[in-house]
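If you want the building blocks of each chain, they are given just below.
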Amino acid sequence: MIVPTGILLAVVIGYPVVSAVIMSFQKDAGLDKATGLFVAGGFAGLANYSHWFLQQCTTAAGTGPCPPGNIGAVFWESIGNTLFFTVVTVILETVIGVWMAIIMNRNFRGRALVRAAILVPWAIPTAVTAKLWYFIFDYNGILNHVLGTNIIWTAGEWSSRFAIVIADTWKTTPFMALLILAGLQLIPEEVYEAASMDGASTVQRFFRITLPLVRPALMVAVLFRVLDALRMYDLPAILTGGGGGTGNATTTLSILVVQQIRQGFNSASALSTITFLLVFLVAFVFVRFFGANVVQTQAAQQKGELK
Amino acid sequence: MKTRRLAAVAGIAVIGLALAGCSGGSSGGSSGGGDASKGLTSRGPITYVQGKDNSNVVRPLIAKWNSAHPSEKVTFKEQSDQADQQHDDLVQHFQAKDANYDVVDVDVVWTAEFAAKSWLTPLTGKMKIDTSSLLPSTVATATYNKTLFAAPQTSDGGLLYYRSDLVKTPPKTWDEMMSDCSIAKKNGIGCYAGQFAKYEGLTVNASEAINGSGGSILGKDGSTPTVDSSAAKKGLQNLVDAFKDGNIPAEAITYQEEQGRTAFEAGKLLFLRNWPYVYSLAKTDGSSKVKTTFGIAPLPGADGVGASTLGGHNAAISVYSKHKATAHDFLEFLESNETQKFFATQGSLAPVVASLYTDPTLVKQLPYLPTLLTSIQSAVPRPVTPFYPAVTAAIQDNTYAALKGSKTVDEALKDMQAAIKAAG
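If you're matching them up, the sequences are chains F and Y in order.
Residue 198 in our numbering is what sits at position 198 of the first sequence, and the numbering runs on without skipping anything.
Numbers given in our numbering equal positions in the second sequence, counted from 1, plus 307.
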């Protein structure tokens, strides 16, 4: 059982990752001036990586800083955008998600309906969500109409980022709420009864009981959302086209990878490897230091490490 | 136990590396010099690949071909309607040396890239096609390195749509158009819009501004950027100034073709730069408020007809095709007057055969043809370079920054020049 599984993993997971890493050390095909045809570039060393990190561009005249308009010059801005979207949307989604989960955890008439209704945004495909919000944020769209404003949402530096944050929060908060709700339902009612007996206030009960006990579920939910947000592509690609501000205010790393694929595979491989490492690093930090353990082992469960 | 696990991990890594190694060679791109000369005289069934057939022109055409050539049938492989996806699909099949993609439809701006990667059969010798009756600018888009690599199939050029109830004679120059903007102001509508969102349409509009005032993007050699000239500066400055003084409404920075068309049809614009497809829609759309009150004219330039950017598609033969003789005949079939007429009447696609633009029956049916001919005759193809994606990114990024006022025109053109140079 283990050997076939190992081979399957190597083929479907190992191969694409390893081949992307290998490609990232190859030069992009260059033009042979005499024939006008492309020739394979050969070994590039770390040139593709220095292209991104140091924003170095190689031209016929030699190596120098990438001029604005070359997508190499957008690298750090897109890292900043990606981290900005990740931090802001995940914080918003966590706070609103916890709030929604607590409401849904109560007993009230029509609870099943509310739970089902709250899932609707999550059930809509991202591309459709993006188009929907595209029409809302359009200059002649609903939002300007309702607010009575004349804001060109998708063109401003912060308004375009704001649009992405709103749309993403709207779409994925239900996912957070449901994961957190699952965690909340594991907390026995008696714990709260005992706490009320001892005279704990609502605020105390939330911070001393709910939050610590729901933490394992919460951390997993946050981890999933962070990883998702770090490789966000479709929402900004459709909503703003990566534009806004001076032109790249909503360009994320994944958008940059796709733009680069059209210009040269090998430097795109380097960029996707960088993205992969970033996501991997964040996941590692979460599991190692925040205890977001997605795959619980039986041993840990028996020891009662989680509850 | 531990060593066995380690061995398994090592094994997986080795398999992964070995698999990756196999593909390493083919990722370079250039190969197939031998394939180009294979199958030149071979006949048989072929496949034609094109993006989504929105106006249903391809299927009836192929049915017609198939009934005339029962032993050399053409199969139609339809791609998505997104240009980027079509491009990526073609690249993947070429890289896999797929013999099932015989004749492919390529956007005019992809021809050079595919030709330089040795994926297209040069149309020389046995493959030669007659281009004497075609519009010269369309032939230029299919020519790379002085060799014809594709057959022009459809063309396209920009037109100026104007409100004929407000402006009696359409402006001939940019300055005339700008002075007409007072009429727009009096009527409380926007004056002029084109496509200024950051996408390929911006490259089209920026090129028109630059070419229309006598500048150019690449020099005669096809690789040296020439956007730092004073003529190019004047062209881009025109657009920037029009944005600044409101002659181009601020929201036009988000306009693609459709947003501009909707605004014009709603009566909110005096002038609109767009493609011929708008003509019949503005005449027939239920929501169009300008059905009978608009006219068309060639794009205005510095002193006379402006320089439209050339759109359109070419058809090319894959070097991996096994039946190139059939593919060649199919190209000539696409080029024939009859097919071209069918393209025009059925799909509103601009023909590449020059004489059709003055064909009386056709003009009666499609009144925009003579204006479109003027536009295409003075049109300039976008840079014919294998590095087109990087060149268009350089143009878009810097034009957008200039239009938004975050860069001066001088800075934008200096950066554009450097970024095009860095493209390769």
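If you are wondering where the hints come from, they were derived from the structure by calculation, not from laboratory data.
It should be emphasised that the depicted structure is a prediction, and the values quoted were computed from it without experimental measurement.
Incorrect hints may appear among the rest.
One side only, chain Y facing chain F, incomplete, derived with CB under 10 Å [what the hints assert, rightly or not]:
1. S440
2. P443
3. T454
4. S489
5. K505
6. Y506
7. T569
8. F694
9. Q703
With a straight-line Cα cutoff of 30 Å, these simulated DSS-like cross-link-like pairs (lysine-lysine) come out [unchecked claim]:
10. K721/Y to K371/Y
11. K433/Y to K404/Y
12. K492/Y to K27/F
13. K648/Y to K492/Y
14. K131/F to K359/Y
15. K33/F to K435/Y
16. K671/Y to K27/F
17. K453/Y to K371/Y
18. K27/F to K404/Y
19. K721/Y to K527/Y
20. K728/Y to K33/F
21. K131/F to K527/Y
22. K33/F to K433/Y
23. K27/F to K359/Y
Heads up, the beta-carbon is just placed ideally off N, CA and C, and yes, glycines get one too.
Going through the hints against the structure:
1. S440: violated (27 Å)
2. P443: violated (21 Å)
3. T454: Constraint on T454/Y satisfied, holds at 8 Å.
4. S489: violated (22 Å)
5. K505: holds (4 Å)
6. Y506: holds (6 Å)
7. T569: holds (8 Å)
8. F694: holds (8 Å)
9. Q703: holds (8 Å)
10. K721/Y to K371/Y: Violated. K721/Y to K371/Y sits at ~53 Å, over the 30 Å cutoff.
11. K433/Y to K404/Y: OK: K433/Y and K404/Y at ~22 Å, within 30 Å.
12. K492/Y to K27/F: Answer violated: K492/Y to K27/F is near 55 Å, above 30 Å.
13. K648/Y to K492/Y: violated (42 Å)
14. K131/F to K359/Y: holds (21 Å)
15. K33/F to K435/Y: holds (25 Å)
16. K671/Y to K27/F: The given pair, whose Cα atoms are some 55 Å apart, is violated under the 30 Å limit.
17. K453/Y to K371/Y: Violated, at about 34 Å.
18. K27/F to K404/Y: holds (21 Å)
19. K721/Y to K527/Y: Holds - the C-alpha atoms of K527/Y and K721/Y are around 19 Å apart, at most 30 Å.
20. K728/Y to K33/F: Status holds; Cα separation ~15 Å.
21. K131/F to K527/Y: Violated. K131/F to K527/Y sits at ~42 Å, over the 30 Å cutoff.
22. K33/F to K433/Y: Satisfied, since the Cα-Cα distance of roughly 27 Å is no more than 30 Å.
23. K27/F to K359/Y: violated (34 Å)
Consistency with the previously given hints fails for numbers 1, 2, 4, 10, 12, 13, 16, 17, 21, 23, ordered from lowest to highest.
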